[in-house]
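K.L.:
Work out the full structure, taking the sequences as your base and the hints as a guide.
Read top to bottom, the protein sequences are chains F and V.
Note that the first sequence covers residues 2 to 136 in my numbering.
Note that the second sequence covers residues 8 to 403 in my numbering.
Everything labelled a hint here was simulated from the structure, so no lab data went into it.
There's no promise every hint is true.
Claimed, not checked - Just so you have them, the derived chain F footprint on chain V, three or more residues with Cβ under 8 Å: (1) 137-151; (2) 215-229; (3) 266-274.
Unchecked claim - Cβ pair distances, simulated, as ranges: (4) V/Gly335 x F/Lys35: 49 to 59 Å; (5) F/Trp58 x V/Met137: 15 to 25 Å; (6) V/Lys108 x F/Gln22: 45 to 55 Å; (7) V/Met137 x F/Cys51: 22 to 32 Å; (8) V/Asp11 x F/Thr52: 32 to 42 Å; (9) V/Gly335 x F/Lys59: 44 to 54 Å; (10) F/Trp58 x V/Thr206: 51 to 61 Å; (11) V/Met137 x F/Thr64: 24 to 34 Å; (12) V/Tyr75 x F/Ile9: 31 to 41 Å; (13) V/Met67 x F/Asp111: 48 to 58 Å; (14) F/Cys51 x V/Glu46: 53 to 63 Å; (15) V/Arg247 x F/Pro109: 55 to 65 Å; (16) V/Gly77 x F/Glu124: 53 to 63 Å.
Just so it is clear, the structure is predicted and the values come from calculations on it, not from any experiment.
Ideal Cβ positions, reconstructed from N, Cα and C, are used throughout, including at glycine.
The primary structure of each chain is shown beneath.
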Amino acid sequence: MNDVKRPIPRSDEPDTAAFWQGTKEKEFRYQQCKRCNTVVFYSRRHCTGCTDGELEWKTSAGTGSVYTFSVVRQSYHPFFRNMVPYVVAWIDMDEGPRILSNVTGVAPEDVSVGQKVQVEWEEHETLNIPLFKPI
Amino acid sequence: MSSDRDAAIVGIHEYPSRDVEGEVSPLQIKAESAARALEDAGLNWSDVDAIYDAGDGGGMGGLNIAEYFGLKPNVIDTTNVGGSSYEFHAAHAKRDIAAGKAKVALLTYGSTAHSNARAIGVGGRGGPGMHPAENMDAFAGMTLIANYAMVARRHMHQYGTTSEQLAEISTATRYHAMRNPEAVKAMEDLEFLDIRETTISDVVNSRMIADPLHLLECCMISDGGGAVVIASPEVARDCRKPPVWILGGGEATKYPENGGDITTSAAAQSAPQAFGEAGVTPAEMDIAMVYDSFSITVLTLLEDLGFCKKGEGGSWVQGGKLRFDQSGGPALNTDGGGLSSNHPGMRGIFLLIEAARQLRGESTSQVADARLAVAHGNGGMLGSRHAAGTVILGRD
Chain F
2 MNDVKRPIPR SDEPDTAAFW QGTKEKEFRY QQCKRCNTVV FYSRRHCTGC
52 TDGELEWKTS AGTGSVYTFS VVRQSYHPFF RNMVPYVVAW IDMDEGPRIL
102 SNVTGVAPED VSVGQKVQVE WEEHETLNIP LFKPI
Chain V
8 MSSDRDAAIV GIHEYPSRDV EGEVSPLQIK AESAARALED AGLNWSDVDA
58 IYDAGDGGGM GGLNIAEYFG LKPNVIDTTN VGGSSYEFHA AHAKRDIAAG
108 KAKVALLTYG STAHSNARAI GVGGRGGPGM HPAENMDAFA GMTLIANYAM
158 VARRHMHQYG TTSEQLAEIS TATRYHAMRN PEAVKAMEDL EFLDIRETTI
208 SDVVNSRMIA DPLHLLECCM ISDGGGAVVI ASPEVARDCR KPPVWILGGG
258 EATKYPENGG DITTSAAAQS APQAFGEAGV TPAEMDIAMV YDSFSITVLT
308 LLEDLGFCKK GEGGSWVQGG KLRFDQSGGP ALNTDGGGLS SNHPGMRGIF
358 LLIEAARQLR GESTSQVADA RLAVAHGNGG MLGSRHAAGT VILGRD
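P.N.:
Structure follows, in structure tokens:
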């Protein structure tokens, strides 16, 4: 059994800690400005759309689509080298956030641009990781 | 409003070895390259009054590099935007010289990436703490190549670009590399298996590294370095070699945005600044030194530089027009580029060096009567956060 773990995000990084906190509840949280409606993701303290923004936390339905992807066939990373081939993708959530993740539960050759996907939480001790599988 | 004769490249040097076998340090490569570039210009250490440094020698570049060289510069610019740092430096040097702050600017680069066998590609890392974006991205296991591959995938989806079209970039640069003894030596030293001109079929049949990018669409990892000396018109007049004028510069950055278009790079913002300042158009370029970390990097940048419309790069590059002895397009990366000559991690300085060689008539794939060149550096990663530096160069 491979005991090398996937890199786990830090829960003390000041801007993104709140997002990772939400994953404990298996919630995909993002921010939207009450004043200018800008969707802010990754999470921050300031609105990137206006200077007097008021960011509000929202929860995504967890569905989106593949914006683009690659099948990684060579990696030197101690964890990912044992995962090849695997799919890395930019996922556009239906509410607007774009997140880098993996598409799992499907053969790499069956992944396509525009494919509808939904979040599939990979469980870890301190938080959960949002991976995606085709709907 | 700046004039087009504010500053010129007067000295260049490319460190010849791509494999120093751990016996030379990046700082030593920088210093030796600096000395040779100053000699090339007919200048000396004592003439230098401005230093541009991306921190590749280690430590805090701005604090340490002047001491190491033994200089007391009036301008210390430590811009570090990865592989595009040197295009930023050249444009800043022109600006600083035009403002009367300096007369002789020194840009240097040294890297032992091959000897260190370390992962390369991002020169911009540094400073305390972690960037929040890193805390979002690291879990996904995106390799450097996958980052660029995702641009290629989206480009193919959006515009119908093919692997065969992307392969044109690789075959053109290898064609040039085979004419450059230093590039051939590099491929030998780095133990390339099959050192020869390549065909489209060779490229698309090479091993897939991260779909849709194949092995022969990826740059090498070498050691190396170099230096560039930039001087005021008064100094340039008395230098050994003819001046290569910096006619214009532009810079920009781009990062992932919700709903953003990954197929357009920061070059779309930097290029109009540079061409506008120079008062020339892409169609007038004899030489295009365009950062070739991967085939898709060049295709995207050629579009964004304005050589063709967005999305038309695939068909535009077809037919070998990027070769130095063909017409219909600029000669691309005539030293062999990062794909086939050297890529120590931040190869932006080599874009300036080879462009200067062309405008002096010193290239191993010399374009007859080359008058204008564009050097475009891409730093960071094309598919996520990157910086763009465009520099237009011209001879008298």
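K.L.:
Each of the hints needs a verdict: does it hold here or not?
P.N.:
Tested hints:
Counting residues of the segment 137-151 of chain V whose C-beta sits closer than 8 Å to any C-beta of chain F gives 12, which meets the bar of three, so the coverage hint holds. Coverage of the segment 215-229 of chain V by chain F holds [criterion: at least 3 residues with CB-CB distance below 8 Å; count 6]. Counting residues of the segment 266-274 of chain V whose C-beta lies closer than 8 Å to any C-beta of chain F gives 3; at least three are required, and the coverage claim holds. In this structure the supplied range 49 to 59 Å holds for glycine 335 of chain V paired with lysine 35 of chain F, their Cβ-Cβ distance being about 54 Å.
At about 22 Å, the CB distance of tryptophan 58 of chain F to methionine 137 of chain V agrees with the hint of 15 to 25 Å. In this structure the hint that lysine 108 of chain V and glutamine 22 of chain F lie 45 to 55 Å apart at CB holds, the actual value being about 49 Å. One distance hint, 22 to 32 Å for the beta-carbon pair methionine 137 of chain V and cysteine 51 of chain F, holds here, with the actual separation near 27 Å. A hinted range of 32 to 42 Å for the beta carbons of aspartate 11 of chain V and threonine 52 of chain F is consistent with their spacing of about 38 Å.
In this structure the supplied range 44 to 54 Å holds for glycine 335 of chain V paired with lysine 59 of chain F, their Cβ-Cβ distance being about 52 Å. A beta carbon spacing of about 55 Å between tryptophan 58 of chain F and threonine 206 of chain V agrees with the range 51 to 61 Å that was offered as a hint. About 30 Å separates the C-beta atoms of methionine 137 of chain V and threonine 64 of chain F, a value consistent with the hinted range of 24 to 34 Å. Tyrosine 75 of chain V and isoleucine 9 of chain F have their C-beta atoms about 40 Å apart, which keeps the hinted 31 to 41 Å range intact.
For methionine 67 of chain V paired with aspartate 111 of chain F, a C-beta distance near 49 Å keeps the hint of 48 to 58 Å intact. Distance hint check: the CB atoms of cysteine 51 of chain F and glutamate 46 of chain V are about 55 Å apart, consistent with the given range 53 to 63 Å. At roughly 56 Å, the beta-carbon separation of arginine 247 of chain V and proline 109 of chain F lies within the given 55 to 65 Å, and the hint holds. Taken as a hint, the range 53 to 63 Å holds for the pair glycine 77 of chain V and glutamate 124 of chain F, whose Cβ atoms sit roughly 58 Å apart.
The structure shown violates none of the earlier numbered hints.
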